[in-house]
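Visitor: Residues per chain, in single letters:
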Amino acid sequence: MGVVLLLGLVDPMSEKTIDLRFNLPRHSFDLYVDISIPSTGVTAIFGQSGCGKTTFLRCVAGLEKDAVGSLNIAGQQWQSDTVNLPTHKRSIGYVFQESALFSHLSVKANLEFGVKRAGTNRNSDYSQRFDQIASMLHISHLLERDPLSLSGGEKQRVAIARALLLNPDILLMDEPLSSLDEARKQEVLPYLEELKSTFATPILYVSHSPNEIARLADHMVVLENGKVVADGPLVETLSRIDFPVQLGEDAGVVLEAAVLEINAEWHLAKVQFAGGELWVRDGGFPVGAQVRVRILARDVSLANSHHIDSSIVNILHGKVEVIENDAHPAMALIKVRVQESALIARITRRSANYLDLKIGDAIWVQVKSAALIR
Amino acid sequence: MFLSDSDLAAIVLTIKLATVVTVLLILIGTPIAWWLARTKSWLKGPVGALVALPLVLPPTVLGFYLLIAMGPNGPVGSLTQSLGLGLLPFTFAGLVIASLFYSLPFVVQPIQNAFESIGDQPLEVAATLGAGPWDRFFSVVVPLAKPGFIAAAILGFAHTVGEFGVVLMIGGNIPDETRVVSVQIYDHVEALQYTQAHWLSGAMVLFSFLVLLIVYSVNGRRSAFRFGGSDV
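Chains as they are written, first to last, in our numbering: chain A, 1 to 374; chain B, 1 to 232.
Wrong hints could be hidden among the right ones.
The calculated lysine to aspartate or glutamate pairs, modelled on DMTMM-like cross-linking and capped at a C-alpha distance of 25 Å, are [claimed, not checked]:
| id | chain 1 | residue 1 | chain 2 | residue 2 |
| --- | --- | --- | --- | --- |
| 1 | B | K40 | A | D30 |
| 2 | B | K44 | A | D231 |
| 3 | A | K89 | B | E124 |
| 4 | A | K108 | A | E64 |
| 5 | A | K368 | A | E236 |
| 6 | A | K89 | B | D120 |
| 7 | B | K146 | A | D309 |
| 8 | A | K108 | B | E177 |
| 9 | B | K146 | A | D231 |
| 10 | A | K116 | A | D131 |
| 11 | A | K89 | A | D146 |
| 12 | A | K89 | A | E112 |
| 13 | A | K116 | B | E124 |
| 14 | B | K44 | A | D66 |
| 15 | B | K40 | A | E64 |
| 16 | A | K65 | B | E124 |
| 17 | B | K146 | A | E236 |
| 18 | B | K146 | A | E144 |
| 19 | A | K89 | B | D135 |
| 20 | A | K227 | A | D326 |
| 21 | A | K65 | A | D282 |
| 22 | A | K108 | B | E190 |
| 23 | A | K319 | A | D309 |
| 24 | A | K116 | B | D187 |
| 25 | A | K270 | A | D309 |
| 26 | A | K270 | A | E236 |
| 27 | A | K116 | A | D66 |
| 28 | B | K40 | A | E277 |
| 29 | A | K185 | A | D282 |
| 30 | A | K65 | B | D176 |
| 31 | A | K116 | B | D7 |
| 32 | A | K65 | B | D7 |
| 33 | A | K358 | A | D326 |
| 34 | A | K108 | B | D5 |
| 35 | A | K227 | A | D356 |
| 36 | A | K65 | B | D187 |
It is worth saying that the hints were derived from the structure and are not from the lab.
My request is simple: use the sequences and hints to build the entire structure.
Guide: And the structure:
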């Protein structure tokens, strides 16, 4: 827990949790999930297409009628052996893959559809909340429009606002960016980051994009064929290489870090993480900002000695912790412990053999590229 | 005026019949259409076929069976007699009941198509926004299916106006009770009153054309009821 405490976060074990257990037989797999997740922050549900992550989210929403299990959230039992609240009685906000705005209603009427039914539009602080959400998601100028006239990114922002306005106990997001092209994704992602930092509502975020998860998630659940294969804090879970998360080219770690200094001449930022310091491209964050650094396994190489005559600036010293074969038979994944942190290197098995890597060996870690993602 | 009093009486009666039948059919046809659109039961096929039967049956066949059923010895006739309602054939009420069967598919099918093209998602979205089942139906399904309801009402009305065989079998030819426009035209022709037949027939042609024009322009403007694509 040292890493987490160092960065000023609360020990997740002491927090309240949301307990979820679901069982649902499907054609291609049996969904079986039994997890506890933190009651704050973003929990990513990660997995390949067809692994059951959307089905799982639908179970939480009560949209899967045949699902059995239990769900305890914010001290309320939504589902158990004796209770099964229908969807419209659960305090959820659901953002679908495609915006799913009602085409017969204006943007404003779409936004008000839920709050009218919850009666919360009569609360004194409602208009303030409405204005806050509308301006945060930058949709105030769209209110009188017909949803059909909106762009994909605008539609999804309205859908997110509609869910958020309900002030739900939990926000369920089913690949909210997957229907958008790359440019629109980059347009909506910052809104999600701001949403996360502004509201305390826990978010279940279904995604198969390691990039989105690295940017947004605090906690990560990995599903495969309807079963949980990994579940834990994001930083730890991403650095595990002992389970078959098929991240492919996206395999890598995320490090929580803080900006130490900015070098204006070279447009670089020096960040400190629980394992040392790194020079990364300046992302416009001020000194002292809490950031995330993503280091892909393919950008990390290993050396037995400290080379100072290469182009690589970021060289760290660590110990080999785990050696695993990668999906391709030529490649190996090496997890290296660098003080409190872990990095993953993808190298060829021939190189691993040449370096004579063994668990516990001291090794130099060369980071060719690291991305400041927040 | 080129229309006689009895012509006008027939027109009024026809409009009254078609209005009553259309209103009742929307009320009866909507739950049937909903069930047909949503069910996964094996009964969907048989029930769907039964509803569509009047599309292919000669109206006289339908009228014949209804006449038997509603007659003094038929099951419906026995029931209405025991309830003190008398017999239904050759009454306005009997004509309404026969027309309900006759025009049922013209109302159920457009509504069913509209329901089917809406799909599950709008309902699920509404549920996640706190709408209960009835609320979902009236605040989401009905507005989205509006073009289907309009088409159903127009087709049900027009088809009831145009019926003849069933009326002859079950309604006969009683002024102000069962003598509708189509029967009146038949009477004019039988009596060789071609001018009167022309006026009434011409009015029917114009009416039918206008009805279809409205249906097609409603459906055309809201192409395929505009539920396609990513929006609901």
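Visitor: Next step is simple, just say for each hint if it's right about the structure.
Guide: Cross-check of the supplied hints:
1. B:K40 to A:D30: 22 Å, holds
2. B:K44 to A:D231: Given pair K44 (chain B), D231 (chain A) is violated - Cα atoms ~44 Å apart, limit 25 Å.
3. A:K89 to B:E124: 13 Å, holds
4. A:K108 to A:E64: Violated, at roughly 29 Å.
5. A:K368 to A:E236: 22 Å, holds
6. A:K89 to B:D120: Cα-Cα ~18 Å, so holds.
7. B:K146 to A:D309: Not satisfied, since the Cα-Cα distance of roughly 74 Å exceeds 25 Å.
8. A:K108 to B:E177: Violated, because 52 Å separates the two Cα atoms, which is more than 25 Å.
9. B:K146 to A:D231: 47 Å, violated
10. A:K116 to A:D131: Roughly 16 Å between the alpha carbons, so the hint for K116 (chain A) and D131 (chain A) holds.
11. A:K89 to A:D146: 28 Å, violated
12. A:K89 to A:E112: OK: K89 (chain A) and E112 (chain A) at ~17 Å, within 25 Å.
13. A:K116 to B:E124: Between K116 (chain A) and E124 (chain B) the Cα gap is close to 17 Å, so the pair holds against 25 Å.
14. B:K44 to A:D66: Answer holds: K44 (chain B) to D66 (chain A) is near 22 Å, not above 25 Å.
15. B:K40 to A:E64: 16 Å, holds
16. A:K65 to B:E124: 12 Å, holds
17. B:K146 to A:E236: 53 Å, violated
18. B:K146 to A:E144: Holds: K146 (chain B) and E144 (chain A) sit about 22 Å apart, inside 25 Å.
19. A:K89 to B:D135: 13 Å, holds
20. A:K227 to A:D326: Holds, at about 22 Å.
21. A:K65 to A:D282: With Cα atoms ~49 Å apart, K65 (chain A) and D282 (chain A) exceed 25 Å; violated.
22. A:K108 to B:E190: Violated, at about 63 Å.
23. A:K319 to A:D309: Between K319 (chain A) and D309 (chain A) the Cα gap is close to 22 Å, so the pair holds against 25 Å.
24. A:K116 to B:D187: 59 Å, violated
25. A:K270 to A:D309: 21 Å, holds
26. A:K270 to A:E236: 23 Å, holds
27. A:K116 to A:D66: This hinted pair is violated, its Cα atoms lying about 29 Å apart.
28. B:K40 to A:E277: 61 Å, violated
29. A:K185 to A:D282: Roughly 22 Å separates the two Cα atoms, so the pair holds.
30. A:K65 to B:D176: With Cα atoms ~54 Å apart, K65 (chain A) and D176 (chain B) exceed 25 Å; violated.
31. A:K116 to B:D7: 53 Å, violated
32. A:K65 to B:D7: Violated, because 58 Å separates the two Cα atoms, which is more than 25 Å.
33. A:K358 to A:D326: The hint holds at about 17 Å.
34. A:K108 to B:D5: 55 Å, violated
35. A:K227 to A:D356: 36 Å, violated
36. A:K65 to B:D187: 60 Å, violated
Going down the numbered hints, you'll see the structure goes against 2, 4, 7, 8, 9, 11, 17, 21, 22, 24, 27, 28, 30, 31, 32, 34, 35, 36, while the others check out.
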